[in-house]
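Asks: Take the sequence shown: its position 33, counted from the start at 1, is 33 in the numbering used here, and no numbers get skipped.
Think of the hints as simulated: they come from the structure by calculation, not from any bench.
You may find that some hints are simply not true.
Cβ-Cβ distance ranges computed for the label pairs, FRET-style [unchecked claim]:
| # | residue 1 | residue 2 | range |
| --- | --- | --- | --- |
| 1 | Asp65 | Asp19 | 28 to 36 Å |
| 2 | Ala74 | Arg9 | 38 to 46 Å |
| 3 | Glu35 | Met60 | 16 to 24 Å |
| 4 | Ala85 | Asp63 | 18 to 26 Å |
| 5 | Asp19 | Val78 | 15 to 23 Å |
| 6 | Asp42 | Val78 | 16 to 24 Å |
| 7 | Ala70 | Gly10 | 18 to 26 Å |
| 8 | Gly10 | Met60 | 19 to 27 Å |
| 9 | Ser88 | Pro12 | 26 to 34 Å |
Just so we're clear, the structure is a prediction, and the values are computed from it rather than from any experiment.
Beta carbons: idealized from backbone N, C-alpha and C, even for Gly.
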Amino acid sequence: MSSDGDVKRGRPPRLDFPDQVLTAVLHLHATLAAEPFAVLFDSSRTAMHRTLLKIRRLLMAHDIDITPAAIPPAALAVVQARVHAQSSDRNNKIKTTC
1 MSSDGDVKRG RPPRLDFPDQ VLTAVLHLHA TLAAEPFAVL FDSSRTAMHR TLLKIRRLLM
61 AHDIDITPAA IPPAALAVVQ ARVHAQSSDR NNKIKTTC
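With the hints as constraints, model all of the structure from the sequences given.
Replies: The following block contains the structure:
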């Protein structure tokens, strides 16, 4: 049990805290889904959803509002291309049962 009374369950997060915050801010500001971040950070979609939810709650508890960008930045196209390339590579791998 941690000092604040929370019981820690499951695996420790794959991302360290600064990366979790960065991911959540980008998610909220660039209105990207969780799946691209899961691919970029080599995480599962479920783990990324939990991370984003946790950080969104933390931001809300501190009255921090991240507004979506009116027009996604041009760099977003580069990120989307990288995610697409990585997710294609991930889907083409042969998975073994052992």
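Asks: Each hint: holds or not?
Replies: Outcome of the hint check:
no.	hint	result
1	Asp65 x Asp19: 28 to 36 Å	violated (21 Å)
2	Ala74 x Arg9: 38 to 46 Å	holds (41 Å)
3	Glu35 x Met60: 16 to 24 Å	holds (23 Å)
4	Ala85 x Asp63: 18 to 26 Å	violated (38 Å)
5	Asp19 x Val78: 15 to 23 Å	holds (19 Å)
6	Asp42 x Val78: 16 to 24 Å	holds (19 Å)
7	Ala70 x Gly10: 18 to 26 Å	violated (38 Å)
8	Gly10 x Met60: 19 to 27 Å	holds (23 Å)
9	Ser88 x Pro12: 26 to 34 Å	holds (29 Å)
Violation of the numbered hints given earlier is confined to hints 1, 4, 7; the remaining hints are satisfied by the structure.
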